[in-house]
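From first to last, the protein sequence lines are chains H and E.
Anchor point for the first sequence: position 347 equals 347 in this note's numbering, and the numbering is continuous, going up by one each time.
Anchor point for the second sequence: position 148 equals 148 in this note's numbering, and the numbering is continuous, going up by one each time.
Just so you know, the hints here were simulated from the structure itself, not pulled from any lab data.
C-beta: ideal position from N, C-alpha, C; glycine also.
Hints may be right or wrong, so weigh each one.
Straight-line C-alpha distance at most 30 Å; calculated DSSO-like pairs for lysine-lysine [stated by the list, open to error]:
| no. | chain 1 | residue 1 | chain 2 | residue 2 |
| --- | --- | --- | --- | --- |
| 1 | E | Lys413 | E | Lys217 |
| 2 | H | Lys326 | H | Lys350 |
| 3 | E | Lys160 | H | Lys103 |
| 4 | H | Lys103 | E | Lys205 |
| 5 | H | Lys83 | E | Lys167 |
| 6 | E | Lys98 | H | Lys83 |
Below, a sample of chain H positions facing chain E; criterion: calculated Cβ distance under 7 Å [said to hold, decoys possible]:
| no. | residue |
| --- | --- |
| 7 | Tyr66 |
| 8 | Gly67 |
| 9 | Ser68 |
| 10 | Thr69 |
| 11 | Leu70 |
| 12 | Pro85 |
| 13 | Gly93 |
| 14 | Leu96 |
| 15 | Tyr124 |
| 16 | Gly126 |
| 17 | Met139 |
| 18 | Asp149 |
| 19 | Leu178 |
Here are a few chain E residues that face chain H, going by a calculated C-beta distance under 10 Å [what the hints assert, rightly or not]:
| no. | residue |
| --- | --- |
| 20 | Phe117 |
| 21 | Asn121 |
| 22 | Glu124 |
| 23 | Ile128 |
| 24 | Glu158 |
| 25 | Thr172 |
| 26 | Glu174 |
| 27 | Lys196 |
| 28 | Ser199 |
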Amino acid sequence: MQGIRTFIFLLGLILLSSFAVAQQNETRPPSILLTTQTDYEVGNAVVLEFTASEGEKPLLYCSNSYGSTLVEALLKNNVIQYKIPENITKKTGVVLWKLLQEKESVSGQFNLNPKAEVATIETYIGPPSIEAGETDYTMLVVIPTDSLDNPVPTNTKVNAKFQFLASEEKEAIFTKNLIAYKNIYSKRKSGRMLVSSESLGVNSKEFTIQVWAAIPTDFKISAKRPHNYADGNQVTTFATSVIKDKQDNVVSDGTFVTFFITTENGNILKTTGTTIKGIATSKMIHPDFKDTWNIKAYIDGMAESDTITLNYQSVIDDFDIAFTNKNRKILVGPLQSFMKQMIPDGLQVKLLIYKNNTLVDTITKTSFNGYVTFNLKPAVYQNGNYNFRVETAGIAKTFNNKKLW
Amino acid sequence: MVGLNKKILRTILISSYIMIVALIISGISALFSYLNTGADRSTMLHTEIQKIEQYAPKLIWEPLNNEGRPMDNENLNALQNDYLDAWYVKQVAYKTNKTAGIKDYYTDSARENLYAFIALNKAENTTIEATTLNHNPTLEFFSEDGQLAVVTDKDVVEYKRIFKAEKLVLETTETSTYKMVFLLEDGFWRIRHLVKESSKPFKPKTTKIETDSLIIKGINYYPKATPWNMFGDAFAKDIIANDFKIIKDAGLNSVRIFVQYDDFGKAAVNPKKLDKLKQTLDAAEEQNLKVVLTLFDFYGDYSVMNWTLNQRHAETIVSTFKDHNAIIAWDIKNEPNLDFDSRGKENVIAWLDNMIDLVKSVDTVHPVTIGWSNTQSAAILKDKVDMVSFHYYEALEHLDAAIKTMKTQIPDKPLVLQEFGISSYGGFWKPFGSSEEDQANYHKKIQEIIAANKLQFMSWTLYDFVDVPKAVVGSRPWRRNTQKHFGFIDKNGTKKASFKYISN
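Could you put the whole structure together from the sequences, leaning on the hints where they help?
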């Protein structure tokens with residue numbers, strides 16, 4: 001009997017203690033948010049307060065634009081406080097939080113709104129050079145930010161300011177998608193455009209846009225030469241007229257011009273130059289035989305010139321050829337120019353050697369002091385009959401059946 | 001005698017001298033060639049570095065309708081790659097609380113914000129494992145010079161696990177909308193501004209999928225010659241078609257086959273493997289057999305950083321075959337509870353949970369299941385799966401009770417006994433093993449229990465295998481030999497006594 005009583009007593013104790021546990025649970029309701037504010041200005045301290053749940057100091061999870069973290073609780077007068085870290089409160093955007101208590105967790109969010117101030121204006125402008133003519137444009141992109149490096153609210157006014165030649169303009173643009181932008185079109189004239197922007201009293205740096213002339217229009221060319229003889233020595237200089245775009249702006253320096261020279265027998269010679277102040281010049285050595293040149297200049301894919309024609313007169317009418325030393329030494333000359341002066345060194349003289357009417361060899365030499373000498377070595381050109389042909393300055397002379405021995 | 005000794009001594013001296021010199025020379029030359037290996041000029045340009053897919057959340061651009069310059073595909077691709085890399089380096093940084101890689105993807109001022117978080121979390125011993133599963137970016141603006149872009153990424157699904165002193169304190173999934181300004185610097189699209197515009201807890205949309213279209217009476221299938229390597233070089237449709245005919249003729253209506261994660265090419269699924277899988281499904285359809293396709297076989301890494309890659313793998317396979325007539329269900333993973341100890345139970349369950357969401361987001365028709373290796377785990381994620389599958393290799397006398405327990409735990413989902421069987425191996429390595437007669441008795445008895453409990457079932461397996469890869473059961477011969485003899489048909493093609501009880 002005693003045993004049963006003790007048993008019932010013990011059973012009662014166990015039952016009671018289990019109630020006690022249950023009651024203790026009931027006295028610890030989950031923490032509830034006391035803070036009612038859900039909108040803060042960025043940069044201000046944010047403290048979330050909850051009713052304290054006995055003995056419990058749960059962590060607070062919070063997450064903003066850049067990352068997430070856990071905040072420890074501070075217990076004050078039956079209220080638990082969470083001081084949101086500075087790196088969260090200084091960035092705009094939504095902050096999601098969750099109280100990590102054992103029972104049903106409380107969660108919520110608050111907004112950190114941008115300040116109505118501009119501390120810096122980040123400006124991006126590009127492309128940095130555009131074409132005159134009111135069709136090409138560059139784009140100004142402005143990102144105004146506050147002192148905590150947050151983008152400003154949507155619809156913040158930004159003044160875009162540009163100066164070009166005599167005009168100074170200002171236009172209001174508004175931020176959207178964190179930025180404000182404006183397309184800046186070129187005028188008819190080429191030159192430099194200065195751009196800046198201003199928002200809430202803060203001004204940006206100055207930016208420069210180069211407005212280049214548009215693509216060139218067709219142009220004229222001219223040629224200048226010391227004389228019109230084909231002496232293979234002097235130089236003819238070609239020059240363009242001042243090349244301009246359709247708005248009369250001189251094309252930018254360095255515009256590449258190619259002169260095509262078509263000779264009488266259809267060969268093409270090419271010389272190039274780049275413009276300075278709209279004029280490109282280029283040079284070509286005179287031919288060394290009588291010729292007619294047709295010259296036309298191009299700026300690839302954009303513009304071309306008219307065609308001019310130049311005639312070059314032959315400088316040498318005739319010349320002598322002497323065979324000596326068993327006909328193995330051939331002396332060509334004197335080669336005399338238009339005033340009977342010895343032709344300048346370097347005139348090309350070609351000797352063609354035929355045996356049995358087939359070309360055996362071609363020897364090319366250049367004149368020195370008005371003469372050219374060919375020596376035909378016995379080891380190479382064996383004894384026998386040969387035909388010779390001498391060509392220079394567009395003249396050819398033929399000698400048949402010369403015997404070498 | 002003295003002369004001979006001298007000669008021997010001299011020989012030894014000279015030969016040892018030669019040997020020492022040879023050793024020194026070979027040592028120096030080895031050192032020299034070692035020092036030269038790094039100096040290969042072709043490596044100077046780092047031309048061998050190729051892009052490795054390391055972060056591939058589902059990302060779908062909204063139709064391009066941006067202000068400013070029209071966007072082209074090349075720039076958009078570059079922007080997308082750098083944007084995803086920016087997420088990736090951020091996840092790595094918050095996981096390790098190290099700043100490596102941040103500076104490539106965030107501008108000077110933006111990276112300060114990340115550094116501040118890293119410093120804070122490091123000081124507080126907080127680490128965060130996170131990944132993003134879904135992105136829906138809209139290009140808002142692209143500047144005329146192609147150097148600045150603004151993107152709004154709507155409803156980014158972010159999964160996070162927060163650890164305090166290495167202890168998991170929170171697992172959360174959020175959907176957030178971000179607005180970002182990107183600058184093109186040094187060839188990288190870097191984030192200049194990042195503003196979270198809205199954020200809320202994520203709730204996946206799941207619709208209930210009907211499962212009563214078929215009562216599964218099936219078998220786990222591997223070809224006789226190529227178990228666990230079904231889609232390798234030896235793949236032959238006619239062998240599989242022939243086996244499927246045997247299965248159909250035996251009165252079964254379904255097979256369970258396995259897709260191995262690595263074998264199928266991980267995140268970038270190999271089209272050749274998909275073709276072999278299609279031939280297999282076609283063969284099943286020809287025999288009017290249905291297929292339970294088990295994904296992620298031989299995959300055991302559930303780390304959060306790889307989730308996006310795993311999901312691309314599953315997405316490719318599920319979206320390719322969701323309209324195939326042979327498919328009856330998707331089995332997310334075979335016996336994931338065996339990885340609880342080594343990989344962490346929370347990791348594995350979170351991975352499964354999110355994988356189910358993904359599969360259901362791609363295919364809203366076919367039911368999803370998980371092949372738990374025992375009856376105790378079967379209730380895990382019971383609300384997410386459409387049918388509950390479990391394997392049973394324990395003593396038959398406890399099966400009935402286990403089924404009763406499960407039925408009370410999971411009253412509203414169909415139960416599938418997805419693997420069961422017994423080896424008929426009793427040889428040198430296991431002298432007291434079962435015989436073919438024991439195997440037949442086992443199947444006779446278990447079919448009675450199945451019928452009594454109205455279970456759906458898939459037995460293990462059709463064939464005795466000639467060889468079992470070490471990766472399956474390890475290299476111990478008593479295990480490998482046992483595993484070889486679970487079949488209803490022996491390796492010579494003769495039906496064993498148990499074949500009579502292949503179905504009920």
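Now for the hints, and whether the structure bears them out:
1. For the given pair, lysine 413 of chain E sits about 17 Å from lysine 217 of chain E by alpha-carbon distance, which is consistent with the 30 Å threshold.
2. Distance restraint check for lysine 326 of chain H and lysine 350 of chain H: the Cα-Cα separation of roughly 21 Å lies within the 30 Å cut-off, and the hinted pair is therefore satisfied.
3. For the suggested pair lysine 160 of chain E and lysine 103 of chain H, the alpha carbons sit about 20 Å apart, so the restraint of at most 30 Å is met.
4. Distance check on the hinted pair: lysine 103 of chain H and lysine 205 of chain E sit about 26 Å apart at the alpha-carbon level, within 30 Å; holds.
5. Taking the CA atoms of lysine 83 of chain H and lysine 167 of chain E, the gap is near 23 Å; set against the 30 Å cutoff, the hint holds.
6. For the hint linking lysine 98 of chain E to lysine 83 of chain H, the alpha-carbon distance of about 25 Å falls within 30 Å, and the restraint holds.
7. A cut of 7 Å between beta carbons decides the hint on tyrosine 66 of chain H: the least distance to chain E is about 4 Å, and the hint holds.
8. A cut of 7 Å between beta carbons decides the hint on glycine 67 of chain H: the least distance to chain E is about 4 Å, and the hint holds.
9. Residue-level restraint check for serine 68 of chain H holds (minimum Cβ-Cβ distance to chain E is 6 Å; threshold 7 Å).
10. Proximity of threonine 69 of chain H to chain E holds as hinted, the smallest CB-CB distance being about 6 Å (cut-off 7 Å).
11. At its closest, the beta carbon of leucine 70 of chain H sits 5 Å from a beta carbon of chain E; the interface hint therefore holds under the 7 Å criterion.
12. Checking proline 85 of chain H against chain E: minimum C-beta separation of about 6 Å stays under 7 Å; hint holds.
13. The beta carbon of glycine 93 of chain H comes within 4 Å of a beta carbon in chain E, closer than 7 Å, and the hint placing it at the interface holds.
14. Taking 7 Å as the C-beta contact cut-off toward chain E, the hint placing leucine 96 of chain H at the interface holds, the least distance being around 5 Å.
15. The restraint placing tyrosine 124 of chain H at the interface with chain E holds, with a minimum CB-CB distance near 5 Å, inside the 7 Å limit.
16. At its closest, the beta carbon of glycine 126 of chain H sits 3 Å from a beta carbon of chain E; the interface hint therefore holds under the 7 Å criterion.
17. Among the interface hints, the one on methionine 139 of chain H holds; its C-beta lies about 4 Å from the nearest C-beta in chain E, closer than the 7 Å criterion.
18. About 5 Å separates the beta-carbon of aspartate 149 of chain H from the nearest beta-carbon of chain E, less than 7 Å, and the hint is met.
19. Interface hint status for leucine 178 of chain H: upheld, as the beta-carbon distance to the closest one in chain E is roughly 5 Å, under 7 Å.
20. Taking 10 Å as the C-beta contact cut-off toward chain H, the hint placing phenylalanine 117 of chain E at the interface holds, the least distance being around 4 Å.
21. A least Cβ separation of about 6 Å between asparagine 121 of chain E and chain H falls short of the 10 Å threshold, and the interface hint therefore holds.
22. With 10 Å as the threshold, the beta carbon of glutamate 124 of chain E comes within range of chain H, its nearest partner Cβ sitting at about 6 Å, so the hint holds.
23. Annotation: isoleucine 128 of chain E was flagged as interfacial toward chain H, and the flag holds, the nearest CB pair being 6 Å apart, inside 10 Å.
24. For glutamate 158 of chain E, the suggested interface contact is upheld, since its CB lies about 9 Å from the closest CB of chain H, less than 10 Å.
25. With its C-beta approaching chain H no nearer than about 7 Å, threonine 172 of chain E sits inside the 10 Å limit, and its interface hint holds.
26. Given the 10 Å rule on beta carbons, the hint for glutamate 174 of chain E holds: about 6 Å separates it from the nearest Cβ of chain H.
27. Among the interface hints, the one on lysine 196 of chain E holds; its C-beta lies about 4 Å from the nearest C-beta in chain H, closer than the 10 Å criterion.
28. Look at serine 199 of chain E: its Cβ gets to within about 5 Å of chain H, closer than 10 Å, so that hint holds up.
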